Each structure stands twice: as structure tokens, then as C-alpha cells.
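Protein chains in written order, with full-length UniProt numbering: chain G, 1 to 618; chain S, 1 to 618.
Hints are computed from structural coordinates only; laboratory data are not their basis. Keep in mind that a hint or two might mislead.
Since the list gives no way to pick one copy over another, a pair counts as held whenever it fits inside one copy or between any two copies.
[Said to hold, decoys possible] Computed cross-link-like contacts, DSSO-like style, restricted to lysine-lysine with a CA-CA straight-line distance of at most 27 Å:
| hint | residue 1 | residue 2 |
| --- | --- | --- |
| 1 | K456 | K470 |
| 2 | K456 | K437 |
| 3 | K299 | K66 |
| 4 | K580 | K346 |
| 5 | K381 | K456 |
| 6 | K470 | K437 |
Note that the structure is predicted; figures quoted are calculated from it, not measured.
Number of protein chains: 2
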Amino acid sequence: MKESALILVFACFFSITNALWPIPRHLQSGSTALTLANEFRIDTSSIHGVPQDLYDAVGRTMTVLKHDHMQRLVVGRGPGDDVDLGRAQRLKRLALEIISNTNHNRSMNEGDGNRVMVNPLVIHHDHLLENTENDIDSGGTPYGFPHCEIYEHDGQLHKCNHLQSIAANTALPAEERDESYTLTVPSDGSEARLRANTTLGLLRGLTTFSQMWYTWDNWTYTVEAPFEILDEPYYKWRGLLLDTARNFFPIGDIKRTISAMELTKMNIFHWHIVDSQSFPLNLPDFPELVAKGAYSSSKQYSTKDLDDVISFAAARGVDVMLEIDTPGHTAAIHHSHPEYIACFEKTPWTTYANEPPAGQLRLTEPTVVNFTQRLFSSTIKHTPGKYFSTGGDEINRRCYEEDPVVNKTLTESGKTFEQALATFTNRTHEVLVKAGKKPVVWQEMVLDHGDLGLHKDTVVLVWISSADAKAVVEKGFKIVHAPSDYFYLDCGHGAWVGAFPDGNSWCDPFKTWQKAYSFDPLANLTTTQSTLVLGGQQLLWAEQSDPFTLDSTLWPRAAASAELFWTGPTHPNGQKPNVKEALPRLHDLRGRMVQRGIQAVALQPEYCALRPHACDLV
Amino acid sequence: MKESALILVFACFFSITNALWPIPRHLQSGSTALTLANEFRIDTSSIHGVPQDLYDAVGRTMTVLKHDHMQRLVVGRGPGDDVDLGRAQRLKRLALEIISNTNHNRSMNEGDGNRVMVNPLVIHHDHLLENTENDIDSGGTPYGFPHCEIYEHDGQLHKCNHLQSIAANTALPAEERDESYTLTVPSDGSEARLRANTTLGLLRGLTTFSQMWYTWDNWTYTVEAPFEILDEPYYKWRGLLLDTARNFFPIGDIKRTISAMELTKMNIFHWHIVDSQSFPLNLPDFPELVAKGAYSSSKQYSTKDLDDVISFAAARGVDVMLEIDTPGHTAAIHHSHPEYIACFEKTPWTTYANEPPAGQLRLTEPTVVNFTQRLFSSTIKHTPGKYFSTGGDEINRRCYEEDPVVNKTLTESGKTFEQALATFTNRTHEVLVKAGKKPVVWQEMVLDHGDLGLHKDTVVLVWISSADAKAVVEKGFKIVHAPSDYFYLDCGHGAWVGAFPDGNSWCDPFKTWQKAYSFDPLANLTTTQSTLVLGGQQLLWAEQSDPFTLDSTLWPRAAASAELFWTGPTHPNGQKPNVKEALPRLHDLRGRMVQRGIQAVALQPEYCALRPHACDLV
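So here's chain G without its partners, still in its complex pose (with noise of 0.2 Å):
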């Protein structure tokens, strides 16, 4: 059986083309040319029920392949001198399908193999969830459904969902999404394939594909078909924090950000959208904080900025989680609402908050309790994700301690700090859970105040140090890795605070791509807890970004995580990670970004980039 075979092939090739990342779970390549064709199309005829975003996503990859002029790395740019293009087959169409186990007497005809194929890769770890033929049946799931309007399962009519827009399938809880593909381009010009279960798997695979060819002369071509692709992600979280606070970055920006995002198959944009430095968030129902609260007129985003970065992640399969961060960082709340603030400003800044301005919100307070779930619910409703982030970092005793409103109120009721904060947090937390959105919050929300209450849902992100993860896994909350000692993007560049010449950045080192690369997302955990790993993010605090530093900044060093998190702790050669082997794809993605309009930085000279290992260090 054709499958069967396959699956053999790929327990044992070693090679790896230099041109994909992240690298596919599983992928056989090989050696000989192949060009695209001029006719070359991408054919959808298969599926029934397109959605417009699938249609949008075939028609960005056909324009990439169209203007990525993207010259092989090595010496000459080109194969001119030693592949003869001219003689090598041409492929004409790239076929997308869908699986479906309950649409066997439909276009696609090689019945339950489909699932033989993708199964395999559900099955290597115990974290993601499997499809089981009980999901199939259960009408709720987005995933893995028939393409058609009725079906017919064991002698009975049944009628089918639409397919799920790539859309609506990205705003699924993480753990819930199916991004597993396959993708099969001969060698000899005879059709290429991509099969997923959802329109967000074929359209991880049209990335994959798009990330195959190289331009020489009037040529689109690769050197290495055939491939053999079997994909999906390790870990389901595969995330990016922006913050657009403390300096504020247009939507292109961010919208930039999230091709590149896209282009690495990341899938979560984090965006801390305020804090205390400004609050450039305009709702309809809060005009005064953003009026009061945004360093200018042109410098806020309007509802209609969110949707348009939501849908325009959403097309690509990244989901956009908001944050307000609460009860601290928000003193930009105060020019709006000084009654709602505690120690605005207060000096020296470095007793009452990490970062200048000082100001937290007067949790104790029933008013700031409304106010909070009213803002809450107000931004919630602009994001169709599971994800809100409520913050809950970095909150300063100090301040509420000199405070006179909340101490009043702490003495008048009896109640502690930390009870004001479970009361304060729960009571916000519930308009969240009412919506149906999952809580998501920074690691001293779990390790610092006690318990808190947290709802079992609420997902963790942990930031202090790589090693505070199992404390919050212990704990028995998900979390996310955002450890500041692997993925903090802004380290590095020397203090920012003011008269103070001899200041480090308060993460020193600048964290490489290599750094974040080695990190070991399972380190010090048993295999249970291993399950309640998400993923992973990298972060960049904006204190000393800009737009102009942002591609740089970024790119290509978040990519690190990127295949981190998607290939795991096994590469295709059945090796794990190494820097060694991956400088070189970095390099190629790099040049891709580049050809995108994303200006990642150079790692080496481009005389190492042609020649892969010749400046590793020996």
C-alpha cells in the first residue's frame, strides 16, 4: 500500500533541504530540479465550499512564488552553472484537499488512508488532542469536517458543516486547532499534493510549499524534489508578544509582524496594547482613556484598527490575544480617571512601580472592580479568540500600602491584600469566563499572591525565569514559556532609565537566536506536567524599540521559537535541535523575509551565508 510505503521512507531518511522553517515534523527531500511551470496553478476544484480566506491564502502564496526573487545561498546565487533548468520537469498544479473520514464516495478517493497518513503524527505525543471518529460525528468540532452538505454515515443522511474559514478555525482554543498537513511535490511533474483536515492546515502547507523555490533567471525552481511532507505542530501555542505601549507602532507595523508570523507558522500575536506609559486603545464605550491616555491623536487604535488586525491575523492563522494588563501597569488610566489610581506618579518611581510612570488601579475599590470588568468586557467583544490576557505582573505593595483609599478600604473590611486581589481578580475574571474566554495571565498571579482562586482554565505565562515553570505546572495551571532568560527580545541594549551611565539592561545578555533555540521546554518536568505545557513565546518590550527597529529586532530571532515549538525535540534527521544545522535555513528564511518586506538583520556576513559552515567555530 502506497502509505504504508511511506511511512517506512520516512522512519529512515536523513537529509534536509536547507529551505524550510520551520522544518516539517517529518520530510523526505531529494536532489533532482524541477521548475514551476508557467501554467503552474494551485487547484482547489477538490474542495467544495472554499471559504474567501482559503481562496485569499492560494492567491498570496501564488503572488510569492510570482515576486520572491529569492536566489539560492550559495556561491554564484544560482545553478546556472551546474543544473540545466531548462531540462528539468515542470509541475503544473498543486492539488488541495481535504480529508474527510465520513466523505469516502466523494472526489478524493483513496478513502481511510487519508487518515493513515495524518494519524501518525497525532499520535507521537499525548498532548494534542486526537481526532477520534467520535469527533467526526459530533457536530461542535470545526475541524477535520466534510466539505459537503449532507453525507451518509452508517446508513444514515447526515448533514454536514460548512467548511471552517482558516478564520474561524484560528480562533479555536489552541489545544483545539489542527494545523497537520501533508505535502507531496515529485519530482518527475506529475501533480503535487496538500492534504489537511482544515483549511489552517493547507494553509500551514501552502507555506511550506511557498518557502520550496528559488528564482534564477526566468526560473522558479527547487534542486531538491522530490519531497515528502508530514507536518503538524509539537506544541500548540506558538507565540509573539508586542508591546505597543511604552512606544507605539502603526498597524503596518503590526500587521507586517504578522506575516512574518504567518511565514514561520506562528499562530498567537500577544498584544499589550497599554500600560502606564500610554493607552493608545480607543474604545467606543471608554473615549476619555484613550483622549486622555494616548501619546497623540495618531497614535491610538481605533476599533476598526483591531478588527482589521484581527481579521488580517485571523486570514493567517494567527490569533490575536489582547492584554490589558491589570491591576498594575496602569497609570495612563489616570489621566482619564485619577480616582481609579493609586500612587500616580509617586517618586522616586523606583519604591512605587518597576518602570516609571508609578500608578495601579485601586483594586479595593467596588467602582475600579466595575470599571475593570466593564473595560473588560468592552475590549472582548473586538476579539473572536479564546485569549485575553489580564495581566497581573510586577503589582507593587508599596503603593497600595501608602495608598489611603485602598487602605482605608482594606481596614474598614477586614480583608488583606491578597484577599482584595482574589476578589479583585476573580470578580474580572468572571466576565471573561461568562464570555467564554479563557484567562490568561503573567506567573506571580499564581506564585506570588497566595491563591488566588483562578479559574482551572486560566493559562499561565511564565516570565521570570525559564526555571519558575514548574512551580506554576505544580500548581496544576497550563502555561506558557516567556521566560525572560531565553525569549526577552529587548535585552541587551543597556539601560534605558535615565542618568544612569553605567546601566545594563536588566536581562543582559542580548538573547540570540542561538540562546532561544536551546531552550528546553520540558526541562525539569515529569511527563504529566509535560501535558500542561502550551508552548512557547518570544517577547519584545518596546521601552528601547521603535517601528524602525522592529523587523530587526524581531526577525529573524523569534523564528528560533517558532520551530522550537513547532518541530520539537525531533528534527526529521531524528536529531534533536542544533544551531549548527539550523544557521544555514535560518539564513534562507531570513532571505525570504527580506524578499516579503520584512527587514530581518543579517546573522554573518553574506560570505558565511553562501557557504554554509565555512565560519563555524572549530
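Once you've looked at the hints, dock chain S against the given chain G.
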């Protein structure tokens, strides 16, 4: 007398404007609003024989006055609330004047007072060349010259030189350039005056003038009139090195960098144009070098490009110094002349070079000496400036010890390596000296190989450590500070060599602007030795840089040394330079760079930039 009064005033003021960088040596400003009138113009009518590049500088100044939409860095970004700009006086005219002692009867009728105004600057330190009466009559000095055809002096008629262009001034040896100027901007709307001995001095004053103004609504205004400025650089060499061999930079990027240098009054662009990784310099006499040594046909600098950059720079008071590093850092020559290069790409590279690929000129061979002489001759034909760097850093002994050709010649001649290096250096430097150039070398040529008999005018770049400066001046050479421990802009981004997962940058940590700003050019030097300090420069080696990161890597950091070496150890407030005072002005400079298309990075959250000292460490 007016001038005497002015000097008195200069001795006792302490207020500092937030707008100027580098801050003038002597500066008084007020707190009166003044706007530019719609009909504002810069008037050169008192100057006879205005060279085209001064006209162009006036035109550029008018352009930036119109197009810098630079709002004040205050909360609200404008003075609308507290200053009635409509009622402010309007400045209609900035008059430019060339001061000439021998020109008593011409349009400027203040007589010798003009000299009095400038001379106090000159005598503040002893290593600047003084303008003496003798200079005036010497005929050969191109600064301070009368703008006339014939003038009367001591009862006789003398023929005047024509007024020298900015470019001609810039091509002088650094010590001989006169960049001094005075600038007065009254608050009552009466004529502002910019006076200098040279067109180069006028250019510096125009730059200062252009930094004084902000935009609000339709106003171009200052709130700090009147201004009284006496200014000239404390050090004559304020440089910036860019390496275009590890990674290539198109000339547009180089010209933008030079524009930023003009804005900060830097005056030497040290162009490390070729190296072992690539040879992008296209010399008509050596077409093979670039044909084989450039990364690609699009990554080359033609002599037309050179002329373009050099004339662009010269018109902006920036002298371009090319560097062709020899005998090391020359592996790229192998591609066209394998017979000239020892140990090409020999592995492990760590044994034979500081960076891959290994490869050094076979300095013992007469053909190589001849080649290098011709290479230098061919290059300096295109550089009007007085400086040319022959490098001389990081010579690898092992490379030569294992090279059969070099060994054979040494053995047959009975010479040591040091003797061969001395011969090579003197023979190749001869070409420069005969052509009126001053050789420039890295510190090893003085400290590491015994006495090589360098020409007394050789300028030495101290780079390995700031502590090495003393050893070099003790040998009697003029130095330029370029210490890696203060001024290397590439440090701190991790190792760029491959397969080195935990590698840090060799010159960790990142060199902040504060670090550069804290440098003491005269540390450990005697008064006599101090006269050998020409100045200093920050440096960008491009292993991990590219056009995308150029601006944000350079700016505003490199402005630190620009001010350090322009303003010197005593600021107009009588104090030493300090980062607390400097930061708000540096924010301002960064903002102005952004207005002019230079993507200088944000140093702090905008919250801090708008509130001087709110984010200082306290």
C-alpha cells in the same frame, strides 16, 4: 564695546537649550518665543564669490526649516497652551558673513571685532591651529580668506584667493580645517547673523541654526530666543567608520549616514570598503578584483559611486577616508590573484585569521609590494582628502609561517618577518606620502611589530583598548581614539560565528551611548601627549549589520562621540558632559533625525522622552 560685552555674558550663563547637538562650546539662550517669518531668507549677499556648495547648504537649510515637522518634546507636543506664537516677533533674515581681517573696508564694518569674537575660541586649548596674522598673508592657507579679488594692506594692493568651497576646506588636513563660527539670533525679530572665517564654518553654523526650530500648526518657532553662540570643535577628528565588506551597503545608505554626520558635525567618514569577505571596490585599473571579489555584480562601488559619495560628503563638511587594509584582511584578493595570497581559506580559520576566511598578502614578494603600491595609487586618485588608511591590524603570524612562498623569500633574504613588514609598509606608504597623503594605520603597526619606521605624519587608530592610547602617543604618533571598549557599535549581539550556541559578542557588552559619552580622550596622558590626540570615532563593523539596521545601530548612539569630540570637556554651563543633562537633547536630536529620514532608534518610552528626567534613576 559690543564684542567685549558678549564675552562677558558668555562667561556667566548656565542655561542650556534642549535643541542643539553637539551643544556649542559657548552658548547663551533665552526664553522668548520667536517665529520664522513666511518671507524668512538666508542672505549671502555680503559674501562675494559664494561657492556653489555653500549655496547648496543654504538651500538644504531652507528645505529642512520647511520640512522638519519637529514638534517639541513636551507633553502635548506644542506650545499652543502657554505661548502665543501669533504675538511673537518674526525673524525675517539670517545674514551670512565671512570674516576677514584683511577686509576692513568691505561690507562688514565691525572691523577687528570680528576676529575678537572668534579668537577667544581658538585660544582655549593649545592643540588647535591658531589663526595668526601671518596666516592671513601666507596665501596658501585656504581658511579665513578674504572674499575679494584685490585688497589693500599696509598701503599695498594684494591679490585675493577666491573664497574656498566647503569641499575644499574639507579636503584639508583635519588640523587645518577651520570650522568655527558665531551665530546670534536676537529675540526682537531683527536680523540674525552667522559669521565664520570659512565656508565650512558657515556650514556648521547653518546646521546649528537648523536645530533651533520647532513646528506647531503653521508656525516654525523657538521659545528660547535670543541665542548667542560662539562655537568651534574642541577636537579636529570626529569620525565614523563603516565596514562595507562583511555586508554590503548601497551608496544611498552611505549618503544617508553622511547626512546624519553633517547634522552632528562629524567630519571624517572612515570607509572600510574592502576586506577578506568581499572586495566591492571597482577600480578601473583592477577590474578583476571586483569581478571576482564582490558578492555580486550589484554589490559594487564604481569610481562614479566613489566620486558621488565623496563629493556629497565634502559638500557636507565630511572628509571620506578610504581604507584598504593590508597585509591582512585581504583574502578576497585571492579570487583574482591567488598568487598574492597566503593561507587562503586555510582551516581551521581560527588558527590563521581572526575571522573567516583566512588569507593575507604575501608581503615578502616584490610583485605583491608592487601590486599594493599600484592598488593604493589607483585608489587615492579618487580621494581628494589627505588621509588614507592602509590598515595593518590583526596580522596572523602563523599564516605566514606556514606559507611556502613567504618562507622561501624570508629564508633566501635572511630577513625577519618584522623586517619584511617594515619594507612592505614603507614601500607602500611611500606612494601615499609622495601623493601628499597621510598614512593612517591601526595600532598594531606601532605597538606589535617593533619600530617599522613609519612616516612621522602617520595617524594611528587606537582600537583594541582605550588603555593603549598612551603607548601609542609615547611613540610620538598622533592618535584617533577608536576603542572597542567604548566606541564599537557592533558589540553585544552575541557571537556571529556559527556552531557556537553560547557564544557572546567578542566585545560584549553592547556599547551604550552613555558609555561612549563617558569616554575621556585625555585619560592618563600628559599635557604634551594630549596635543597628539586628533579626536575619535565610533565604528560599525558589519558582520551582523545590513542596510536595514544601519540607522538604528548608528543613531543616535554615534552622536555621543560627535558631541564628546566637538564640545570637549567643558560644556557651556561650565560643567563636564553628563548623561543626565544630555539625554533630553539626545531625544531631540533623534526626533530631528527621524524628520530627516534617518531611522534613529527610540532610546526610551515616549512617556520619558516627553518628560525630561521623569525616568531618571533616582
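Comparing the hints with the structure gives:
For the identical chains of this complex, K456 and K470 are intra-copy neighbours only, at 17 Å inside a copy versus 66 Å across copies, given an alpha-carbon limit of 27 Å. Taking identical chains as interchangeable, the C-alpha atoms of K456 and K437 lie at most 27 Å apart only when both belong to the same chain, with a minimum of 12 Å there against 76 Å between chains. In this assembly of identical chains, K299 and K66 lie within 27 Å of each other by CA distance solely across copies; the values are 24 Å between and 35 Å within a copy. Taking CA atoms no more than 27 Å apart as the test, K580 paired with K346 passes between copies only; the shortest distance there is 20 Å, against 50 Å inside one copy.
With identical chains, the CA atoms of K381 and K456 are at most 27 Å apart within one copy only, with a shortest distance of 23 Å there and 76 Å across copies. In the homo-oligomer, the alpha carbons of K470 and K437 lie at most 27 Å apart inside one protomer (25 Å), although the nearest pairing across protomers, at 66 Å, exceeds that limit.
Of the numbered hints given earlier, the model fails none.
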